[in-house]
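Since the structure of chain A is already known, use the hints to place chain B on it.
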Amino acid sequence: MSVNKIKIIRPVSDQYVDIPIEMKWDFSGREDSIMDYEKEMVKEVIGLANDFEVSRFSHNSDINGNTDINYEFYFYDGVLPITSNNVNQTNWGISYINEGFTNEEVYYYSKPFTKSFFKLDFTIQLMRKLKKYFSQ
Amino acid sequence: MSVTLNALLPNVDIRKPKYKLDYIGDKEGFFIYWLRERDFYDISEFYVSGKFFDGKLGTYVVMTNTPQPLITPNKFNFSPQDYFYYKVNLDYNNKTYEVSSTSTTLRVGSATIPIRWYEYVNP
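Residue numbers (this note's numbering), protein chains in the order written: chain A, 1 to 136; chain B, 1001 to 1123.
Excised from the complex, chain B in its bound form:
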């Protein structure tokens, strides 16, 4: 995104909080590094939570997988397992992973259905 402050200053490019990660280009965070064998830890299912560190306030912002007004039964009182996580499944044979929603179980992460994180605001 190109940002303009005023007409006298040149534009600068900043990165919006929207990321496309792949083998090429921005690959930081694209790969997951984990044990290749399942002898020590036999884990193939992870739950991933999202946070944003606000360098201005020095605090972490917790994120949910659903906009807060749509959270049920109450936007301040709900099951954390359902709304603070996405599920990640590892495939040890192909060395790949997939991300799915904990509430809908549908696969997410594509360009059409990205992994969306929403700031959670306490009352």
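In isolation and in its complexed conformation, chain A is listed as follows:
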């Protein structure tokens, strides 16, 4: 009886296939690398170019379409000591007289009166502390 003499043996170890890859250094792309490095160094030395242009923000219109913004400043009349329990909201009024100006000073536009002004300071909140940024 004739039999096949080829015997197939299952390998017990992992098999590997070697694929040769050519590792060859050339100078292609070196110019790009220099440009990238140049950009990086410029950024490191002088920082990024920032846009410092300012815009004019106006008051947003309300539900009636009005854009006006209204301020009222109230001064304490000093009739009662501020510590008094009888002091109430009516002790504050829209009048420079409450602040200590006399009728004559107001009428004649005295210098202390005309040199007085209101000031609004704009700040941002940082960890419950406020840092001033600009004023009006």
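No lab work stands behind these hints, which were simulated from the structure alone.
Computed from a predicted structure; not experimentally measured.
Some hints here could point you the wrong way.
[Said to hold, decoys possible] Calculated cross-link-like contacts (lysine-lysine; reagent style DSSO-like; alpha-carbon spacing at most 30 Å):
1. B:Lys1095 with B:Lys1056
2. B:Lys1056 with A:Lys115
3. B:Lys1051 with B:Lys1087
4. B:Lys1051 with B:Lys1027
5. B:Lys1051 with A:Lys5
6. A:Lys115 with B:Lys1087
7. B:Lys1016 with A:Lys7
8. B:Lys1051 with A:Lys111
9. A:Lys111 with B:Lys1020
10. B:Lys1027 with B:Lys1075
11. B:Lys1027 with A:Lys115
12. B:Lys1027 with B:Lys1095
13. B:Lys1075 with B:Lys1018
14. B:Lys1018 with A:Lys115
15. B:Lys1027 with B:Lys1087
16. A:Lys111 with B:Lys1087
17. B:Lys1075 with B:Lys1051
18. A:Lys7 with B:Lys1087
19. B:Lys1087 with A:Lys119
20. B:Lys1095 with A:Lys119
21. A:Lys111 with B:Lys1018
22. B:Lys1075 with B:Lys1087
23. A:Lys119 with B:Lys1020
24. A:Lys119 with B:Lys1056
25. B:Lys1018 with A:Lys43
26. B:Lys1016 with B:Lys1051
27. B:Lys1075 with B:Lys1095
28. B:Lys1020 with B:Lys1051
29. A:Lys111 with B:Lys1075
30. B:Lys1027 with A:Lys119
31. B:Lys1018 with B:Lys1095
32. A:Lys119 with B:Lys1051
33. A:Lys119 with B:Lys1075
34. A:Lys111 with B:Lys1016
35. B:Lys1027 with A:Lys111
36. B:Lys1016 with B:Lys1027
37. B:Lys1087 with B:Lys1020
[Said to hold, decoys possible] Taking CB as the label site, the calculated pair distances span:
38. B:Leu1008 with A:Phe52: 51 to 59 Å
39. A:Asn66 with B:Leu1009: 18 to 26 Å
40. A:Asp77 with B:Thr1096: 32 to 40 Å
Beta carbons are placed, not taken as given, at the ideal position from N, Cα and C, and that holds for glycine.
Chain B in isolation, oriented as in the chain A frame:
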């Protein structure tokens, strides 16, 4: 407001501490000028405090957003963040801003609900 000193002198007009600011008329203080891009400072929320410089005394008068008797828990001892500021929000897309109360969070500044500042008096 027209002020009379006596019958022999003509009246003069002075401005009461009540201001209506808009595009036309009294526009000083109406606009806010701020960075148009948010790259350098990414800020859209400001807190604004009010002061009055008294040219007679040479001192600043600090203002609160609430009448002092109504400040809680105590009219002399309270959280400054709640009573010395109003909040201003910028809209970078529309280039507009809105003001709201720090205590009630409601929008203020209209003719019916103006931004009210009250002199703060130390004891």
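Now for the hints, and whether the structure bears them out:
| no. | hint | result |
| --- | --- | --- |
| 1 | B:Lys1095 with B:Lys1056 | violated (38 Å) |
| 2 | B:Lys1056 with A:Lys115 | holds (9 Å) |
| 3 | B:Lys1051 with B:Lys1087 | holds (16 Å) |
| 4 | B:Lys1051 with B:Lys1027 | holds (19 Å) |
| 5 | B:Lys1051 with A:Lys5 | violated (107 Å) |
| 6 | A:Lys115 with B:Lys1087 | holds (28 Å) |
| 7 | B:Lys1016 with A:Lys7 | violated (112 Å) |
| 8 | B:Lys1051 with A:Lys111 | holds (19 Å) |
| 9 | A:Lys111 with B:Lys1020 | holds (24 Å) |
| 10 | B:Lys1027 with B:Lys1075 | violated (34 Å) |
| 11 | B:Lys1027 with A:Lys115 | holds (19 Å) |
| 12 | B:Lys1027 with B:Lys1095 | holds (16 Å) |
| 13 | B:Lys1075 with B:Lys1018 | holds (24 Å) |
| 14 | B:Lys1018 with A:Lys115 | holds (17 Å) |
| 15 | B:Lys1027 with B:Lys1087 | holds (20 Å) |
| 16 | A:Lys111 with B:Lys1087 | violated (33 Å) |
| 17 | B:Lys1075 with B:Lys1051 | holds (18 Å) |
| 18 | A:Lys7 with B:Lys1087 | violated (88 Å) |
| 19 | B:Lys1087 with A:Lys119 | holds (16 Å) |
| 20 | B:Lys1095 with A:Lys119 | holds (23 Å) |
| 21 | A:Lys111 with B:Lys1018 | holds (20 Å) |
| 22 | B:Lys1075 with B:Lys1087 | holds (21 Å) |
| 23 | A:Lys119 with B:Lys1020 | holds (15 Å) |
| 24 | A:Lys119 with B:Lys1056 | holds (16 Å) |
| 25 | B:Lys1018 with A:Lys43 | violated (50 Å) |
| 26 | B:Lys1016 with B:Lys1051 | holds (16 Å) |
| 27 | B:Lys1075 with B:Lys1095 | violated (37 Å) |
| 28 | B:Lys1020 with B:Lys1051 | holds (18 Å) |
| 29 | A:Lys111 with B:Lys1075 | violated (33 Å) |
| 30 | B:Lys1027 with A:Lys119 | holds (15 Å) |
| 31 | B:Lys1018 with B:Lys1095 | holds (26 Å) |
| 32 | A:Lys119 with B:Lys1051 | holds (5 Å) |
| 33 | A:Lys119 with B:Lys1075 | holds (23 Å) |
| 34 | A:Lys111 with B:Lys1016 | holds (17 Å) |
| 35 | B:Lys1027 with A:Lys111 | holds (24 Å) |
| 36 | B:Lys1016 with B:Lys1027 | holds (16 Å) |
| 37 | B:Lys1087 with B:Lys1020 | holds (19 Å) |
| 38 | B:Leu1008 with A:Phe52: 51 to 59 Å | holds (57 Å) |
| 39 | A:Asn66 with B:Leu1009: 18 to 26 Å | violated (38 Å) |
| 40 | A:Asp77 with B:Thr1096: 32 to 40 Å | holds (37 Å) |
Going through the hint list in order, the structure does not satisfy hints 1, 5, 7, 10, 16, 18, 25, 27, 29 and 39.
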